[in-house]
Structure formats: C-alpha cells, structure tokens
Amino acid sequence: MRAMSRRAAGLWIVAAAGIVALGAWRATWRASTIDPDFLTGWILAAMVAALAIYGVRRRLPMLPLGRASVWLSVHVVVGVAAIGAYAIHVGTLWPEGAADRALALLFLAVIASGVAGHVLQAILPARLARSGPELIYERIPTEVAKLRAAAEDALVEAAGAAGHETLSSYYAQTLAWYFERPRFALSHVFGGHSAEAWERQRLAAVEKLLSADERPHLAALAELCRHKRAVDAQYALQTLLRAWTFVHVPAATAFLAMAAWHTLIIHVYAG
Amino acid sequence: MSDADVDALMERPEIAAIKAENFPPGIPLRGLFRNDARIVSLAPGAIAVREGDYGNSAFLVLDGTLRVILPPGLPREELGRQAPRTRGILETIARAWNRPAHPEARDLAGRAARLKPEDAARSFMFLQDIPRVLDGNRTVTLQAGDIFGELAALGRVPRSATVFAEGAARLLEMRWQGLRELRRFDPGWKRRIDENYRRNALLNHLQAHPLFAALDGETLASIAEKVKFKTYGDADWHVALKRSKGSGQENAADEPIIAAEGSRPDGIYLVRSGFARLSHAVGGGRRTVTYLGVGDQFGLAETYAAWKGGGEVRLSQSLSALGHVDVLRVPAHVLEKHVFPGLRDAPAALATERRIEEDGLVDWMVDERWINGTQTMLIDLDRCVRCDDCVRACASTHDGNPRFVRHGPVSDHWMVANACMHCQDPVCMIGCPTGAIHRHEVGGVVVINDDTCIGCGTCAASCPYDNIRLVEISDMHGAPVIDEAGKPVRKATKCDLCVGQPGGPACVRACPQDALRRTGGKDLLVHGTESAGR
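In order, the protein sequences belong to chains A and B.
First residue of the first sequence: 0, per numbering that gives the first Met the number 0; consecutive thereafter.
First residue of the second sequence: 0, per numbering that gives the first Met the number 0; consecutive thereafter.
These are computed hints drawn from the structure, not numbers from a lab.
Relax, there's no trap hidden among the hints.
Using C-beta positions, here's what the derived DEER-type ranges look like:
hint, chain 1, residue 1, chain 2, residue 2, range
1, B, T85, A, E137, 31 to 37 Å
2, A, K207, B, E260, 54 to 60 Å
3, B, A108, A, R225, 51 to 57 Å
4, B, L469, A, V118, 39 to 45 Å
5, A, E137, B, A108, 30 to 36 Å
6, A, V188, B, L469, 37 to 43 Å
For glycine and all other residues, C-beta sits at the position ideal for the given N, C-alpha and C.
Using the sequences plus the hints, can you model the full thing?
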C-alpha cells in the first residue's frame, strides 16, 4: 500500500472535521427555524453531486479541468465522508420502509464497491508489476492463443521425433484445458500457487512415460506453462481491477436516480 | 529550383569549385540543388533566421549584406514572437463534439484549402528601424559567399542568433539533408562547414558556460583559439542502438573513450552535443556514475586539484561516448591562466552516493538511451491501475485517435511507454524527404505536418524507440484514401504533446493515480534512484 500524500491527508482532516461538526450540530439541535433533516439532506445531496461530477470529469479529458488525481482524492474523501453525512441524516444505516431501504441498499453498495475499488487500486498495481510480462488487457486472449499455438507446435515436433503420440494424447486429455483460456483466477487473485502445483503434477505424471527424444519437448511445454501462468495472473488481477466498477458505476447511477426521486417526494409532501 | 536557377548557381565560384564527379549517381550535384535548395530574396530588414527558432536549413549569401545580432540579442516582441496559440475551451468542446466518426479520418477538402499556392511563398518577419537596431546591438556582417545557419541545421538545435538583411539580399537556402550530402561528398565544403561549425559552436558554447561567464570577450577569444573540438562515435548511432536493443550488448566497455580513468587530467571536457557516460572500474566490471549531456563538464575537479596541490592526481573515472558526442577540450594550461585563479572554492568531483543495487535502473536509462528524451512517458507500474484513462484522454484530444500505446519496455516497476519522447537528438527528423517532421517553434516539440507527410515511413524506421506509427487514412465518410497507384495513403503519427491544446498533455492530466509523468534528462535517473532506494 502506498503512503498517504500530504494532499490526501489534508482532505481527510477537513472532511473529518466537517462531519464531526455536522454531527455535533445535529446532536445538540433543539429547536430553530432550520429543519435538521432538510439541512443534512441537502448537505448529503451536495456531497452526492460532488461525487457524481468525477464521472463527468473523466468523460471530458480534453478540457483543462485540473489533474484527475486531485479529483479522485476529493472523490474518495467525500465518498467516505458521505457515510457520516448519511448516518447523521437518516439516524441509522438501515432505515424503515421499502423505498428508504432500497435507497440505503444502493448507497451501501456504492460505498462498499468504492472502498473495495480503492483498496484494490492501492494493492494490485504493485502485484501486477511483479507478476510477469506487462500486457494490455485486451491483448491477453491473443497472447493465450499464441501460447496455445506454440504448445501445439511443440507436440507436433515431439510426435515427429518420437514416432508416437504419447505426449499429444496426454496434452489433449489434460493440458489442452489449461491452454484453452485463462485459468486459476481465484488462486492468482489471492496469491496462491494452485496453477504452479497443477502444472507440476501434470507434467511430472507424464515425464516417466516419455522417451529421451520427447523430454526436451516436455521441457518446452513446461516453459510455456510457466509463461501461461504469468499471463493468467495478469488476466486475473487486471479483471479484478476492472470488475469493481461494474458494481460501483451502475449502483451509483441507480442511487442518483433514486436519491433525486426521494428529494422530490420529500419536498412535495413537506410542502 | 528551376534548371535555369541551377545553371546560374553552378557558375558561382563557391559552387563551381565542387567536383560533381565526387557525387554518386543517386545523389547528383545538380539534383541536390534542384531538390534540396531554393533561392530566396530578402528585402531590407527581413529576418532570415530568428534566435530560438528550430530550423532545418542553412544559407549561403549570394548577394547583399546581412547582419548577425550577437547576444544579448533583440527583445522578444521586436522579433515578432507571440504567445503560442492555444485552443479555447469552446473551440475544444466544439472540436470534440464534431469529431470524425471514423478512425484516422482526414478532411481532404480542408487540406486543399490549407495548402493554397500563395502559402507556399515564404513570408518574412521584418525589423523596423534598422539604424536603431544596428546602434543598439553588437552585430557581425555577412557578405556574399558566407554561410550561416548550419549550426542549427546540422546540430538539430535552436538558432543561436538572429540574422537579418541590411539591404536587399539573395540567399541560397539549403535543407540540412542537402547540406549533409555536400559535406559528405565535397572535401572543400566539408572543411568550410566544419570550420564554421566548430568556430561558431565553440564561441557560443563557451559564452554560455558558467565557468567562463565572468571572462571578457578578449580572454574568451584567446581561450577559444586553444580549445580543441572533438567528435566521438557514429552520427548514425540510432541504427546501432536499434540493432542492439534488448541484447544487452550496449555497455561502457564498447564505447569510444574520451578520457580514461587513471590518466593525468589534461583539462576539462565540455559536452557540446550528444551524450557521454561517466563510469569507473569496480572489480572486473564498470559502474555507470551518471551521463553527461549538453552543457555538462568533466575533469574540472581533478585538473584544479592537480594545479592546486600538484602531485600525482589521476582521473578517477572514465568518460566515454554514448552514440555520438561533440566535445570541447579546454587545456589545463588555459584554465590555470584564465579560470582557476578566479575560483573561490575547489570544484566538487562528480560522484555518486548510489548503492550498487540501485545501478540497474540507471544503467537501463543510459544503455537504452531513454536519456535522449525530454518528455519521456514514464509510468510507475506500482501506481498504474491499467484503466487506460490516459489513452482515452489522448484519443479525445486527437479526433478519436490515440497517439501512443500504453505499453513498452519495463525495468523494475517503471515502464517507458511507446510515446514520442521529443528527443534532444531527434533522429526521426533525419531523412524526412518533405520536412514534414520538424521541431515546433514553441518549445521545440517534435511534430508532424500531416498535410506534407507522404507516409514514406523514414521517420518511423529511424526512431530507435518505435514511437512513430504509420496509419492508413480515410475520408470523413470512412472510405479509405487511395493514391494514384491504388495503394492506401499512409501518414506518420505520434504524440505531439498536445501542443495547442489547453492544459498541456492530456495523458498526464487524466491519470487518476499520478502514475504517469512526462520527464527527461537527469530527472529520469532521479526516478530510478528513488525507486531502488525504497
């Protein structure tokens, strides 16, 4: 994990102070002309708008709107502060009523996926950098296809050299599955060694059945398996780095729509 | 140039002395003038070259008198410099809104309008009130037969001075490619260009160096007479580099030695252009201390120590050429007479506090010549979340076409992405037949004029970093553009550092993790040391 920057530390302090002040005001409120639910509701709405605007900024990279990293720092801090503002506004994290619960559920989904994404973004890049060849995500299927073709070439050469198809048959029964597409995603995500153990066991099982002419080709297959493992790790980690946004963005969009509806209804019935 | 112009030119003594038979059949002398030169006429006050501009041509004075304005030169406003034009916000939004629907689409009708015949005629800036300019500035006169502008043209550096016509004048303007061939095949022109080049380079360089800044003109001139001008390595260094990329063959042991470790200090070495490696022996190998670029010096501390203390002072490091390097050597006796008596403190030796385990990245930066970049796209893979926001930002500012690939060589957790580095020595400019790839007048960013690019691929083949891509273009409706031979029309494309876009490079601005930076020179080594030290 990276050390917190001075900018982020400053933002966290300001946000924490703001939420504590809002909470203290709400707790000590007795009676005044300001309705605390309206005030805290509008503060929360403003925070949600500030969070949503980051998505707009990402879609307008051609405009000189400042560095996206500053926007992201603000987005993260305001997002976490919004939990406090939400709790102050609602009084609980799990309100009564189906509509309010649906709103709360979406809010929690957005926050949880956002926090998860933030943590993943802090942890996974360094693991990716050390997990083998750096690959562009969209090119990984092509890379796997290249490895599969190289493995099949090795089998043809092995069959030619040995005069029988022991290795080819074995490949078709076992290793073909491995070279078909990225495998062992969970193991790679959690830093396990399942793929390595699987490869070792499969390659060792057939080694004793091979002639001296075939063994160099098995060594070539082992090298391709090692490469495939690194590609699979890239695929698993890069998929995870993208996957959280498939929860965060739709949940945020639904939450925005429902929050707008909630604001409208509250004002209609309050009036 | 027309045949009549070439005939007239061939009569001039400077040209008549050239032996046409020395030129190979593929590069005939007449063809060289016809294709690479033109005659330009200047009215009084017209500026032929402007200080600070990047230019690809040199000039031979045919008639008339011109003046070179010596430093400090004319004020910026008087040279007609304007603030660089940057698109406004509304214009940027409108451009993004009207972006072509097809990749690499070109507005061919607009192109015809942009290349109106009248634009081809060269227009000149003019100096007002010539007598006042002459009174207020030190100048040198150029007359018929003199050559100027070769320093910037051959060295791919900015013009060092402004030259204007005192009266009506005619010049032969020669593109640097033609000048290079003249220098290559005619010994007389080679001698002349080199003498000029060395004399001007030397004076400019000495004047700019802090060690000599306090000296008067007379002393400087006497030092200049004794300075040696040396060139090491191959001018086509990029060819060898491209061949050896990734092979690990590039190292200090194979490089031409400029000054050897263990030898007596005999003066200082000033790097005029190119790069040199500073290294010293450790065990059976060599450690790279750092590299020296334009303006850096070597040997000052040792030469000073030898003068001050006498005794057995030896060079503790070697200086070797990285590719191609021009070096000035100022002899020890000159420094002892003119410079050392004025120094208050002993100069510090060039050394490194780096640990051996931190060498890997520095070696990589130097061996792979990333140090050549001034705007290298360096991505910290420990921070990069592979979101490709940088690529999308690039595409959004270039009509939907990204101008770099977020991929490239990696060392430790640093990636040098395949984005134009806007090199100090942009070898991509060598050989461009139309001059389409050139230095932008603002900041020296290397850009490609899409209208004049013929898609020959010379620049892409020359770039040792594979940062230029050829694309097949289409019209605004997505139909492929075909030439007369029925082949698809190609254009060279690369990063233009968002020149003219508001806010600078969009890729840097768009990175949400601060993982991407554009950096160059010694800053690259700083990143390497930072990373290894953690």
